[in-house]
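Q: Two chains, two frames, some hints: make the complex.
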Amino acid sequence: MNDDRAPSLGFGLGARPVHYESLLDEGRVAVDWLEALTENYLGLGGQPLRFLERLRERYPIVLHGVSLSIGSADPLNIEYLRDVRALADRIEASWISDHLCWTGVDGINLHDLLPVPFTETALAHIASRISQTQEILGRQLLIENVSSYVEFDAADMPEQEFLAELARRSDCLLLLDVNNVYVSSVNHGFEPRAYLNGLPSERVQQIHLAGHSRQGALLIDTHDAPICEAVWDLYAHAVDRFGSVSTMIERDDNIPALGDLLDELDHARAIAASIRSKAA
Amino acid sequence: MSSATDLLELQRAFQERVLGGDPIESNRGQDIRIGIYANAYRLRLLEALAHNFPMLEQYLHGDEFVRIGRDYLADHPSTAISVRDVGAQLADWLSDHCAGEPWLGEFARFEWALANAFDARDSEVLPLERVSAIAADDWARMTFAFTPATQRLTLHTNAPQLYRAVAHDEVAPRAHELDTSCEWLIWRRETAAQYRSLTELEALAFDALFNGGTFGDACEVMFDHSAGDQIAVHAAAFLKRWLEDELIAAHAIDSRS
Numbered sequence: 003m004n005d006d007r008a009p010s011l012g013f014g015l016g017a018r019p020v021h022y023e024s025l026l027d028e029g030r031v032a033v034d035w036l037e038a039l040t041e042n043y044l045g046l047g048g049q050p051l052r053f054l055e056r057l058r059e060r061y062p063i064v065l066h067g068v069s070l071s072i073g074s075a076d077p078l079n080i081e082y083l084r085d086v087r088a089l090a091d092r093i094e095a096s097w098i099s100d101h102l103c104w105t106g107v108d109g110i111n112l113h114d115l116l117p118v119p120f121t122e123t124a125l126a127h128i129a130s131r132i133s134q135t136q137e138i139l140g141r142q143l144l145i146e147n148v149s150s151y152v153e154f155d156a157a158d159m160p161e162q163e164f165l166a167e168l169a170r171r172s173d174c175l176l177l178l179d180v181n182n183v184y185v186s187s188v189n190h191g192f193e194p195r196a197y198l199n200g201l202p203s204e205r206v207q208q209i210h211l212a213g214h215s216r217q218g219a220l221l222i223d224t225h226d227a228p229i230c231e232a233v234w235d236l237y238a239h240a241v242d243r244f245g246s247v248s249t250m251i252e253r254d255d256n257i258p259a260l261g262d263l264l265d266e267l268d269h270a271r272a273i274a275a276s277i278r279s280k281a282a
Numbered sequence: 083m084s085s086a087t088d089l090l091e092l093q094r095a096f097q098e099r100v101l102g103g104d105p106i107e108s109n110r111g112q113d114i115r116i117g118i119y120a121n122a123y124r125l126r127l128l129e130a131l132a133h134n135f136p137m138l139e140q141y142l143h144g145d146e147f148v149r150i151g152r153d154y155l156a157d158h159p160s161t162a163i164s165v166r167d168v169g170a171q172l173a174d175w176l177s178d179h180c181a182g183e184p185w186l187g188e189f190a191r192f193e194w195a196l197a198n199a200f201d202a203r204d205s206e207v208l209p210l211e212r213v214s215a216i217a218a219d220d221w222a223r224m225t226f227a228f229t230p231a232t233q234r235l236t237l238h239t240n241a242p243q244l245y246r247a248v249a250h251d252e253v254a255p256r257a258h259e260l261d262t263s264c265e266w267l268i269w270r271r272e273t274a275a276q277y278r279s280l281t282e283l284e285a286l287a288f289d290a291l292f293n294g295g296t297f298g299d300a301c302e303v304m305f306d307h308s309a310g311d312q313i314a315v316h317a318a319a320f321l322k323r324w325l326e327d328e329l330i331a332a333h334a335i336d337s338r339s
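Quick note, the sequences are listed as chains E and V, same order. Numbered per our numbering, the first sequence spans residues 3 to 282. Numbered per our numbering, the second sequence spans residues 83 to 339.
Just chain V, same shape as in the assembly (with noise of 0.2 angstroms):
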């Protein structure tokens, strides 16, 4: 070996036959030794995979997660820096691959966020007398930033249900598709991940400031939604509950309306 582009191309032939899984049966030495790397590289990495979902690994049972698992790492090489993040697509995944139990796919989105917000950065929370202090007038231009912990999810079946069945261990309720969407808040206190779901009035307002909007916009598409002189009360006592469940991590008065 005697350039850069020699030790390229002898990593790129050996990573291609870890990837292609050699097999161990043969009886040439080398070919048993490389094969050891192959079977460690997929042990460890259904076993990261197991660890991203343990949920989902439970409810679809051993057998049927370690096929799945084979599948998605063969189409899904890891490129993530920390095993950690070997199954940042399994949802995305699961829903085109298991297009007919779409719950499968929302499963290990709903799993996958939830280990997100259990290790997302840290960041300062926003106490609520800060906002209580802003004068009347400012608080339609007022904008906000959420947690890093904080996400949103629109899910079309009951998977939250069937990962809260598995979690407690009882027995998990059919798999079945809604007839209307169902709107999540996934997010951390203190140290635990959190999740509920919103109605489809706290949704908008909620989504009207996670995009970016100022509290006066998210009034606006609530009085949209359903018009009524208590928007604003109504907004001001969602807005008093995202604070007080650590969602929110600093807000500013936008300039420019």
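With the rest of the complex left out, here is chain E (with noise of 0.2 angstroms):
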């Protein structure tokens, strides 16, 4: 297919509550664009809302959800995808993002991104799932791969294969999310590089970084710690791959201060400048 990927927004940051002021100081701040966890404003007004028009106003925003649970045997919740909706419309998202998992069944949330089994079966079901909500959304949905800690012993292809064949089904473009690439390496013990080369170039619009952490054996996907220089290495060969993508460090627990976010943003910035360099 065209590569038809949206420009890069070049480098940004998950927009979380600690920093909002921060982001909104009056001197320049060195984000690109911002990500928002789309739950945290869905059908909600006052404070949350406000914050997020006033970043909207200085910034790109990208919506990015933990609910859909495409994969889950459950039905589609459509109530919450017209929602969704209303909500990039309302503030203008660049695109909007979620995750290759299940969150529950039978009506049950987990509130957890668990991994589906890669089979033929589920790739059917969740790529006519992914057609029916870009339906509704009214626009290409990114979809991220995630974490994971067990694997099912029915998988009939590899995690990369099964995201390919995915997107070229239901049309979707994909959010790598470096980090979990790398955890799941380690955890499962695949190469992260063969990972990375088997994904569509032209499909990639965005990229996540992140930090994790170690439990015996087994990394955890934490959200809590700096960028490993494992996971940079990974990042340097997906700027290699996939060329300029909007890119952008999560950290969800253990928030520094956004200056040294700012910092780790640099070093994606000069890992992907000394990439192009190397390749122009």
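To be clear, the hints were calculated from the coordinates, so they are not data collected in a lab. Glycine residues also receive a C-beta, built at the ideal position from the N, C-alpha and C atoms. One or more of the hints may lead you astray.
[Said to hold, decoys possible] Here are some chain E residues the structure puts well away from chain V; computed CB gaps all over 10 angstroms:
| id | residue |
| --- | --- |
| 1 | G48 |
| 2 | P50 |
| 3 | N111 |
| 4 | L112 |
| 5 | E137 |
| 6 | Q162 |
| 7 | R216 |
| 8 | G261 |
[What the hints assert, rightly or not] Stretch by stretch, here's where chain E covers chain V in the computed footprint (C-beta under 8 angstroms, at least three residues):
| id | segment |
| --- | --- |
| 9 | 89-101 |
| 10 | 119-125 |
A: In structure tokens:
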């Protein structure tokens, strides 16, 4: 297919309430765009929405959801999708993303991003649901790979092949979480660069970077630490393979001062510039 | 796995193990891995509950809040889209399970109402001048729509005083039941949640309008409560305050009467 990805927004951050005031500061803040967590503003008003609207006056904003549950056997929540669309329209979101996961069945929400089995059956099920979701949202959806701690015996294909075929069948775009690839590669023993090489470069519209923690032999996707060297290396490979892609840092716990995250963001800028200059 | 039914069964089995909290002490690799999801589930939801009820958490101190939170979550697995709503049934649950300490359920109900006022959907606020300009003949037939942040509570304990003490970092008074119930109004002005108690008369008038009645209906219930020729003046004063406090979103003239 042709590469019809949106032009890169540059280097962004997850909008977290603790940084709202700093992000709205009069002086120049070296952040090109923000990612807002959809559920924090959905169906709500008052101060949360007012902050989001003020942030939107200064930055492009993308919406990142955690409740779509695209891989669940439960029916899609149409009301939720309509609310997401209304919010996206209201703040003129650049795009909307959610995860390749399920969050619960039988009406229960475990509020976690649970792995799907990489089977032909799940592929057909999820591709059809993404198509329906995109129709309701009136735009292409970005689907993100999640970190996982279990694998299902029933898998018919590796995750990257599942994602590539999913994007092809449903015509969706991809949000590549480089940290999640690394965490899962350690937990399941696969080669992370081979994973990236298996993704269609014309579909990768956004990149996530984050930190993780270790629990015994496993890595846990905690978003509570600086990005580690191995993830920076993998990011360099991602830039080499996917080109100039909107990149951002997610930090959800032990959130440092904005300046510390801006330093990390500068590091991402430097890596991307270095790879691009080599390619030129 | 060959069918959608198999996907459902696989997810049900996985979910059951996460909710059941399979022992992470197991030496089997897959058990340890599912235990990560089970532990994360409990930690995440307890954290969400503490975020929903920061004052109740402080009032109960950490350990007791965690014990209550675990028991509540075992009875009420989340069905909410957002973790913000995980505690939606905590007040009712506390009223049932801690009936000997009725202020706990009312504390949760009060704090939950304030949280709802804080981030309720935005709406128009009806300016006082718009009501002042209404012809005198139409006043009795006026009805009002209240802002989505506006809520009414009837409480039977001193839970709001307990809440206020915790919120202001003061020593909490002794928790107790009241001889007569107390009426509370909760709303949002600008971006801040507000609360105050109501006299019996103001509560009667407010509820008449809040439940869709006309201004005439409100005057009637007030008159039934305490007959007097100043009722309409009192009612107009109440209405003025509710308008100034930004409780009212819109008005209409009831065409039925």
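Q: All the hints need checking, so say for each whether the structure fits it.
A: Against the structure, the hints come out as follows:
no.	hint	verdict
1	G48	violated, 5 angstroms
2	P50	violated, 5 angstroms
3	N111	violated, 5 angstroms
4	L112	violated, 5 angstroms
5	E137	holds, 20 angstroms
6	Q162	holds, 19 angstroms
7	R216	holds, 12 angstroms
8	G261	holds, 26 angstroms
9	89-101	holds (count 9)
10	119-125	holds (count 3)
The structure is inconsistent with the numbered hints 1, 2, 3, 4, although it conforms to all the rest.
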